[in-house]
Amino acid sequence: MGGDFYDFHPLPEGRLGLVLGDATGKGVPAVLVMSTTCGMLRLAAQALDSSSPGEVLEQVNEALLARIPSNMFVTCFYAILDSKSGRLSYANAGHDLPYVRRGGGDAEELRARGMPLGLMPGMSYEEKEIELDVGEGVFFYSDGLVEAHDPKGEMFGFPRLRALVADHREEGSLGNFLLEELYSFTREGWEQEDDITLVMLQRSAARS
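Be aware that the sequence shown starts at 1, since it is given in our numbering, and climbs by one per residue.
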């Protein structure tokens with residue numbers, strides 16, 4: 001049992017809310033905080049009915065403060081996709097930075113400032129926006145991937161992950177490709193230390 005979670009929130013006018021997060025700790029406490037946060041995010045997205053990921057995170061942060069143990073917090077990346085235009089607005093509550101894969105074979109970090117949820121009252125969350133062209137996508141992940149170790153104690157790490165995301169070609173799933181690279185890196189007998197969650201969002205050509 002762990003604290004990783006992800007969810008999709010259907011929103012009006014063809015928009016989609018996407019969230020990926022991680023509650024600190026392990027076992028039952030992490031699961032309870034994860035479940036509570038996931039429910040709060042869905043309710044906030046529906047109640048606000050807005051295109052503002054920052055407002056969703058602000059509301060959940062305030063609601064979570066009264067319900068989370070003092071030694072815990074939640075990292076969370078919340079994005080809203082306009083499926084018609086390809087615009088993706090997003091805000092980040094201290095989560096590992098996703099990568100957007102552009103047509104030129106590069107992987108760009110999606111940066112936005114914000115403290116984890118459940119730590120301090122009155123937090124605001126920076127919002128940013130990008131536009132995805134056909135064939136481009138965004139890769140979301142949890143820290144269990146980058147913090148995995150090989151037999152010598154070396155971490156898989158962010159530079160390795162970014163290079164792999166940039167180098168991946170369209171044949172096959174990016175998620176499967178990264179897991180194969182991870183298992184090759186950690187070698188046989190690896191004991192997984194943390195949850196690993198991978199989510200890929202990609203814009204496809206409109207159906208005629």
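Each hint should be verified, as a subset may be incorrect.
Pairwise CB distance ranges (calculated) [unchecked claim]: (1) 120 <-> 183: 37 to 47 angstroms; (2) 163 <-> 62: 30 to 40 angstroms; (3) 26 <-> 157: 16 to 26 angstroms; (4) 183 <-> 62: 16 to 26 angstroms; (5) 48 <-> 152: 22 to 32 angstroms.
Simulated from the structure, these hints should not be mistaken for laboratory data.
Note that beta-carbon positions come from the ideal geometry of N, C-alpha and C, so glycine has one too.
Cross-check of the supplied hints:
{"no.": "1", "hint": "120 <-> 183: 37 to 47 angstroms", "result": "39 angstroms, holds"}
{"no.": "2", "hint": "163 <-> 62: 30 to 40 angstroms", "result": "39 angstroms, holds"}
{"no.": "3", "hint": "26 <-> 157: 16 to 26 angstroms", "result": "22 angstroms, holds"}
{"no.": "4", "hint": "183 <-> 62: 16 to 26 angstroms", "result": "41 angstroms, violated"}
{"no.": "5", "hint": "48 <-> 152: 22 to 32 angstroms", "result": "48 angstroms, violated"}
In summary, the structure is inconsistent with hints 4, 5 from the numbered list given earlier, while agreeing with the others.
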